[in-house]
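J.: For the protein sequence lines, the chains are G, U and R, in the order given.
The numbering used here puts the first residue of the first sequence at 154, with every later residue one more than the last.
The numbering used here puts the first residue of the second sequence at 5, with every later residue one more than the last.
The numbering used here puts the first residue of the third sequence at 95, with every later residue one more than the last.
Derived from the structure by calculation, the hints contain no laboratory data.
Predicted model only: the values in this text are computed from it and were never measured.
Each hint should be verified, as a subset may be incorrect.
[Unchecked claim] Selected chain U positions facing chain G (Cβ under 7 Å, derived; list incomplete):
| # | residue |
| --- | --- |
| 1 | Thr127 |
| 2 | Leu199 |
| 3 | Glu201 |
| 4 | Ala202 |
| 5 | Arg204 |
| 6 | Ser205 |
| 7 | Leu206 |
| 8 | Gly207 |
| 9 | Ala208 |
| 10 | Pro220 |
[Claimed, not checked] Away from chain R, derived, C-beta distances all over 10 Å, residues of chain U:
| # | residue |
| --- | --- |
| 11 | Asp68 |
| 12 | Ala94 |
| 13 | Glu200 |
A virtual CB, placed ideally from N, CA and C, is assigned to each residue, including glycine.
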Amino acid sequence: MKSKKEAVSIRLHQCAKSFANGTRALQPLDLEIHPGETLVLLGPSGCGKTTTLRMIAGLEFPDEGGRVLFGEDDVTALPIEKRGVGMVFQNYALFPNMSVGENIAYGMKIRKIPAGERAERVEKLLEMVHLQGLSHRRVDQLSGGQKQRVALARALAMEPRVLLLDEPLTALDAKLREAVRSDLNKLLRSLGITAIYVTHDQGEAMALGDRIVVMERGKISQIGTPQEIYYHPANDFVADFIGAMNRVQGIVSGDRLLLPNGSLPLPDAGNPMNATQQGQPAWAMFRPEDVQVVDITEADAQCLRGKLINTFFLGDRTRFEIEIGAERPVIAETSRRGWWEAGQQIALRVPAEALVKMAPAAVKENA
Amino acid sequence: MKNAIPATPGAPGVLKPERKPGAGVRSAGNGVWLWFAAPGLTLFCAFWLLPMARLVAVGASGPDGAMAYLSVLTNRHYFASLLSTLALSAVVTLATLAISVMVGLFLQRNRFAGQSVLLAMLTFPLAFPGVVVGFMVIMLAGRQGLIGSFTNWLFGESLVFAYSLAGLFLGYLYFSIPRVILTVVAAAEKLDPSLEEAARSLGARPWQVMLHVVLPALLPALISSGAICFATSVGAFGTAFTLAANIDVLPMTIYNEFTGYANFATAASLSIVLGLITWAMLALARSLTGSGVAAAA
Amino acid sequence: MQKRLRFYVQLAFTLLVCAFLVVPVVLSMLAGVTENFFVGLSSGLTLRWVAQVWEMYQPTIWRSLFIALACLVVTLVAGVPLAYMLARYRGGHSRLARVIEELLMMPVAVPGLATALALIMAYGQYRQFRASILFILVGHVLFTLPFMVRPVLAVMQSSQLAQLEEAAASLGAGRLRRFFGIVSPNAASGILAGALMVVTLSIGEFNITWMLHTPLTQTLPVGLADAYASMRLEVGSAYTLIFFFMIIPLLIGMQWATQATRKKVSL
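Turn these sequences into a full structure, and let the hints steer you where they fit.
T.: In structure tokens, the structure reads:
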């Protein structure tokens with residue numbers, strides 16, 4: 154099919170962005186994206202992920218001193234027309250006055266590639282995104298999923314060095330999103346192209362990304378693989394943003410953390426997480442799916458005791474809210490069948506390995 | 005035609021059909037509503053509908069009978085008048101569209117101090133009657149006009165063209181630009197910037213983006229405001245009257261027939277024809293946007 | 095570099111177009127207060143031309159104002175209930191409503207000349223009517239009625255107002271009571287926008303009025319045409335100056351009112 158070009162690395166060096174009205178969208182940023190990897194920029198709205206993407210694209214330019222490099226080429230001064238990137242927009246940005254085939258062929262038409270060759274490539278691209286034969290369809294006759302694939306085909310038509318995707322699945326509904334996500338994943342892997350993907354959906358980020366960049370208020374909070382981000386969040390923002398996180402405060406005593414209604418086992422002394430001092434207050438964080446809910450009759454000394462205040466049946470899992478006398482109730486999630494009524498006394502078990510993070514209590518938490 | 009997009013599984017279902025606003029208060033006796041409409045409709049029928057019907061009859065009451073309606077095509081004088089009206093209106097429309105696109109896009113895309121002031125200045129002449137527009141042209145290009153004084157100072161000879169075709173053209177341009185520019189700015193505001201960014205990402209240069217993306221997107225607005233502009237120009241009377249040009253546009257011809265020669269039948273038939281032309285143009289504009297009004301000039 | 099150049103070229107062009115539209119206005123305002131326009135500003139500023147215009151055309155100016163206000167009253171009485179009918183008859187989606195809307199626009203779509211001729215042909219023989227202000231008023235009402243109906247209709251069609259009406263109906267309010275007590279007050283922003291439009295258009299209306307007027311029933315624009323044709327430039331300018339002063343506050347008011355209506359209608 155297409156000749157596989159060498160995938161290119163992308164480097165951002167001290168790229169900051171302030172807008173005309175004074176707002177600082179990005180603090181000076183350093184980022185290195187490996188050739189062929191799919192990197193996801195993840196964060197809440199306003200965190201700067203879209204600004205970063207647009208800087209890589211060439212739609213925005215970094216403030217004085219920032220540099221953008223594609224491989225060895227310094228592209229900082231090049232506008233998007235000259236950077237050779239492929240971009241998929243959030244609402245697809247298909248040209249309504251052109252057919253599907255004309256949309257896909259637009260980049261080729263600009264470069265004066267002859268009509269015969271254009272038509273051939275358009276067909277190949279349509280095949281690649283499973284839209285064979287739709288070349289003459291008008292754009293407004295397509296469904297959301299089809300439009301998204303046309304946008305993708307159009308971006309890939311000129312074999313760009315870099316593929317940029319700005320929340321491409323946000324406009325689709327949930328079921329469709331999952332199906333398209335899987336197709337997209339396969340496609341990106343098979344092409345081996347360097348791709349940067351912006352989203353605010355963590356599930357999407359973890360499914361698609363080789364590495365994830367979690368951003369907050371114009372800064373990078375953490376870069377890592379999905380597992381690293383999930384199991385070893387670098388700070389409280391990441392811990393809270395990715396999945397739900399339980400947080401309880403107690404006193405370190407021996408190899409346990411003492412809480413009002415029981416205690417939690419701490420990891421072994423050799424574990425770096427056990428860096429708190431004896432007798433000192435400390436926070437412990439663990440994920441809801443690691444909490445084992447146990448009937449009060451089967452509780453032992455290792456368990457925390459509490460009262461079940463709410464139960465939510467979510468179909469594939471059940472969520473429990475349990476009051477243990479801490480600041481906030483503990484959230485537990487299990488996919489096993491088992492049901493307790495709200496108001497009952499209940500017991501919890503959290504294995505020591507489930508502890509995601511520990512911190513001395515003197516440290517101020519993020520709101 | 006649009007295909008119905010099949011409902012995707014998992015899409016939020018529509019539980020009940022959308023209610024039309026006001027549907028709930030439709031009680032028995034729709035006829036009562038007609039009483040609300042009575043004053044307005046009575047006025048309208050008595051003073052426009054019936055007189056217009058009468059005018060159509062008068063138009064056919066002359067020596068030529070109903071053939072008078074074709075006289076705009078057959079009579080040399082009237083035909084020349086019609087042609088010059090249509091030609092002038094067409095040129096004015098094209099010029100206005102070109103100017104409005106350039107200025108409208110510029111204003112919509114560049115934020116700078118005083119931008120809203122500029123836009124206000126550009127639309128303020130909307131309220132001028134044609135006579136005032138004619139006077140403005142005289143101020144610019146008449147015997148004591150600005151351009152005349154300027155060329156006098158520069159070359160020693162005054163350039164006076166207010167009373168010629170050029171002056172008429174300027175006058176028509178003067179009342180057309182404010183009308184069209186508002187529509188263009190409104191349409192430019194609705195343009196999706198990601199379409200242009202997508203074109204740029206595929207390598208298109210500014211003129212290609214303009215030709216392939218921007219102008220096609222603006223086309224409905226341009227056609228409808230162009231039609232309004234054309235209709236207003238065709239029907240314009242006050243401006244031509246003030247400038248007393250020796251080119252007789254059709255409204256002036258009608259006026260002369262009526263007041264100068266008392267040719268009621270001719271005046272009637274010609275004005276019906278004129279009315280049909282302007283109405284058709286505006287119907288075209290409305291079919292594209294749903295609004296389309298020409299305030300007279 | 096290229097971008098900057100393009101910006102400045104476009105800016106220059108825009109300023110040129112603005113100048114084309116605005117400079118004559120400014121010039122004519124100046125001419126209205128200049129002693130001798132041919133000589134220029136050095137001849138001194140004076141209000142004598144304005145005074146002269148006032149002396150000569152005062153009745154005309156008052157007459158224009160009176161007609162504009164009368165036009166407003168008539169369009170309110172005729173237009174607001176009509177808008178209500180268009181919004182509610184058969185749920186607001188009847189063929190009749192569309193036809194009426196189309197018809198109402200005719201006096202605007204068709205050149206004023208034609209409307210005026212039709213009126214003269216049909217009613218010219220009623221001497222008293224023909225020679226009175228009423229004749230002109232009729233022409234103005236025909237031309238401005240759709241400009242009252244449209245914004246009012248737009249506000250009435252908004253779902254917010256419909257819900258208010260449904261609530262009132264559920265509490266027992268009949269049609270008339272709803273119209274006067276709920277609909278009209280809440281359509282105020284549309285009515286205001288329409289009112290300003292009607293007054294502005296009436297003051298500036300020329301095409302119809304020129305055909306319908308008699309020497310005793312002149313309006314301001316008719317007077318302007320007269321002044322341009324037969325008076326010296328300074329007098330015409332002074333008269334235009336008075337016209338501007340009447341129009342400008344109305345235009346500003348309209349801008350403000352349409353913004354208020356837009357907020358109410360867009361839900």
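J.: Under the constraints set out in the numbered hints, which ones does this structure not fulfil?
T.: Of the numbered hints given earlier, the structure breaks just one, which is hint 1.
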